[in-house]
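For the protein sequence lines, the chains are A and B, in the order given.
Going left to right, the first sequence walks through residues 519 to 812 as my numbering numbers them.
Going left to right, the second sequence walks through residues 12 to 320 as my numbering numbers them.
Bear in mind the hints are in silico, worked out from the structure with no lab data behind them.
You may find that some hints are simply not true.
Claimed, not checked - Pairs of lysine-lysine residues, derived as DSSO-like cross-links and limited to a Cα-Cα distance of at most 30 Å, are as follows: (1) A:589 to A:522; (2) B:126 to A:525; (3) B:65 to B:76; (4) A:799 to A:525; (5) B:125 to A:525; (6) A:799 to B:126; (7) A:740 to A:589; (8) A:799 to B:125; (9) B:164 to B:175; (10) B:79 to A:740; (11) B:125 to A:522; (12) B:27 to A:625; (13) B:79 to B:64; (14) B:65 to A:655; (15) B:79 to B:65; (16) B:164 to A:571; (17) B:126 to A:522; (18) B:76 to B:64; (19) B:64 to A:655; (20) A:740 to A:655.
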Amino acid sequence: MVSKDQKIWVAVAHIVLITLSALAILPFLLLIIASFTDDSVALLNGYSFFPEKLSLDAYRFIFAGASIYLKAYGVTVIVTVAGTVMNIFLTALTAYVLSKRRLPGVKIMNLLVIFTMLFNGGLVATYINYSNVFHIKDTLFALIVPNLMMNAFMIMLARNYFEHSIPEEIYESARIDGASEFRVFTTIAMPLSVPILATIGLMGSIAYWNDWQNSLYYINNKSLYSIQAVLNSINQAVSALATMAGNSSVSTAEIPTTTVRMAVAVVGILPLIIVYPFFQKYFAQGLVAGSVKG
Amino acid sequence: MSNNVGKTGKNKTNWKHWIPLYIMAIPGFTYLFINNYMPLYGLQLAFKNYSFKKGITGSQWVGFKNFKFLFASDDAFIMIRNTLCYNIVWIIVGVVFGVSVAILFNEIRNRFAKKIYQTVILLPYLMSMVVVAYLVYAFLATDTGLFNNVFFKDNPIQWYVESKYWPFILTFVNQWKGIGFGMVLYLSTILGIDNSLYEAAMLDGASKWQQIRLITLPLLRPTIVMLMIMNIGQIFRSDFGLFYQVPMMQTALNDVTQTIDTYVYRALLVNNNFGMSAAASFVQSVVGFIFIVAANALVRRLDENSSLF
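Chain A on its own, in the form it takes in the complex (with noise of 0.2 Å):
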C-alpha cells in the first residue's frame, strides 16, 4: 500500500533528517578535527575539515599536565556520584510522602512543592543564602546542594507513579507484615519504581555532570574545578592553560594554544560522547518525562 504521495514524504523526511543529523554532528567533528591539526597549520589557514598537517602536538601538551584533568574529572565523579544519590534518594522519599493522599496536610506540603515551580528568589538572594548563611564557597557542597531536588516536576513523575502504578495492596500486605513505613519504602516502592528512578537518576546525572554555574559562582580554589569549570576557564582566557598547569615557566607563545584549546573541549566532552549512545533511548524518555506532567 505504499502510494507516491507516501514515497515523496519519506524522502523528503530523510533529507530533512540527514541534513539536520549533519549539523548537529559537524561542529564536533570540526572540533575533533582541529585538535589534532598542526598549531602552525591551525593558526594560518584556520580550523578545518581537511587540515593540511596533522599533529598530536595538543595532546602532547594536555598529557604534559594530565593532573588537571584527571583532577577536574575526579571533582566531577565525585559531584556526580555523589548528587544523583542524594538526588534520587531524596526525591523518591519526597514523592513517596506526597503519594499518601490520606495523609493530613499532604495537600499543603504538595502545593510547598509546586510552589518552588512558580517563584524563586533569584541568583542574588540566593547567592547570598548559600555563601552567606551556610558558607559554602569553596567546598564540595557548592556543587552538590544547589542541584538537589533540581526539578519538581521529578517529584510529581515520582507521587504518580507511587499512587497509581504499584497498588495499594501491596504496601498494605508489607504493613500487615509488621514492615514500618520506611521499610515499604525502601523494599517495596523503590525496587518496584526503579523505571521511573532510572530516570530521574539519569536525567539528574545528566545535569551534575554539565554544571559548570554553581563553579562559576561559587568556586574560586581550582583545585576545586570540575571539568566544565576547567573548560569554562580555558575558554574565557587562553592563558589560563599555563596557570592551570602550574607551570609558570611555560609562556602562552609556547602553547600551541590554538589547537589545544580544541583538544581540552575534545577531552572534556569525550567521556559524554562515549556513553551516549547507550542511554539515548532513556534520555530520550526522560526528556519527555520531565517536561510534560506524568
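Put chain B on the given structure of chain A with help from the hints.
Below, chain B alone, put in the same frame as chain A:
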C-alpha cells in the same frame, strides 16, 4: 487523582500511624526550605543598601532607590527587551521546527535510520553550554575560525565584535541545541495517535498532507498549546549559559546578548553592583511569577489535567 477510599473515623483517631510519614518528609522539605524558601527572605535586599558586615536584616532600607537607578540606565530596557524578544521568537520558531521535524521523522519506517537520526540530533542537547561555546568558536574565531578562512577570506568578519550578527547566531545555536528535544517531545504525542484514524483516512483516499493537516496537527494542538503557554510562563527567564558562554562574554555585544540573567550575574559577581543586581533579580522573580501563574490559569481553563496546580 481522586481518592476513592474516603476518610474513615479510624484514620482520624489513629494519628500516630502517620508519624513515620511526617518524619520521612523532613529531609526533602528541609532541603526545599534551605534551597527555595530561605532565599525568599533575601528578596528584601532589592529595597536595601546591602552591607556585607550588617547582613540582610541589618542593612539599611533605601526604598525604591535601587529600582530608580536600574530603570534610569539603558541596561533595564536592553535586558528586558532582549529577554522577551528572544523568548517570543524562539517559542514560535521552536514550535514550527519541532512539529515539522517530528511529523517528518514519524514518516520514516526504517527503524535503524530512525535510531541514528534521533541519537545524532539529540546530541547537542546533551552538551553543556561551555562545550557549545567551544564549538561556535571553532567556526567564528576571527583569525582561526572556519567561516573567516573559508567564506570570508578576503574581508574577514569580526564576529565577536559586530553585534548585528548575534540575534541570528543565538537563534541558530538555540535551535541547533534544542531541535532534538522539540522533536522527541512532539513525537511522543504523535506516537500516541490511534493508527486506525490514518487507516480510515487512507481508505477514503486522503493524501499524506491531508492526513497531517486533518489528523496529526489537530491532535497535536493540545500539546502545542500547552507547551507554548508553559514557555510563555518562563518568558522572563533566559538561558544564562547561552547568553553568557556563546558570545564569549564580549561586552561589545551586550546590546544584543544582555538578558536579565546575564545582567544579574555580571552586576552581582563581576561589577559588585549589588543594589541594581538585587533589583533586577527581584523584578525577574516577581514578574516571572505573575507570568507563570497567568499561564497556568490559562492552561487550567483549556485542560485541567495539564496544569501545574
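The hints, checked one at a time:
| no. | hint | in the structure |
| --- | --- | --- |
| 1 | A:589 to A:522 | 59 Å, violated |
| 2 | B:126 to A:525 | 20 Å, holds |
| 3 | B:65 to B:76 | 19 Å, holds |
| 4 | A:799 to A:525 | 27 Å, holds |
| 5 | B:125 to A:525 | 16 Å, holds |
| 6 | A:799 to B:126 | 9 Å, holds |
| 7 | A:740 to A:589 | 10 Å, holds |
| 8 | A:799 to B:125 | 12 Å, holds |
| 9 | B:164 to B:175 | 20 Å, holds |
| 10 | B:79 to A:740 | 38 Å, violated |
| 11 | B:125 to A:522 | 21 Å, holds |
| 12 | B:27 to A:625 | 19 Å, holds |
| 13 | B:79 to B:64 | 25 Å, holds |
| 14 | B:65 to A:655 | 19 Å, holds |
| 15 | B:79 to B:65 | 23 Å, holds |
| 16 | B:164 to A:571 | 20 Å, holds |
| 17 | B:126 to A:522 | 25 Å, holds |
| 18 | B:76 to B:64 | 21 Å, holds |
| 19 | B:64 to A:655 | 17 Å, holds |
| 20 | A:740 to A:655 | 12 Å, holds |
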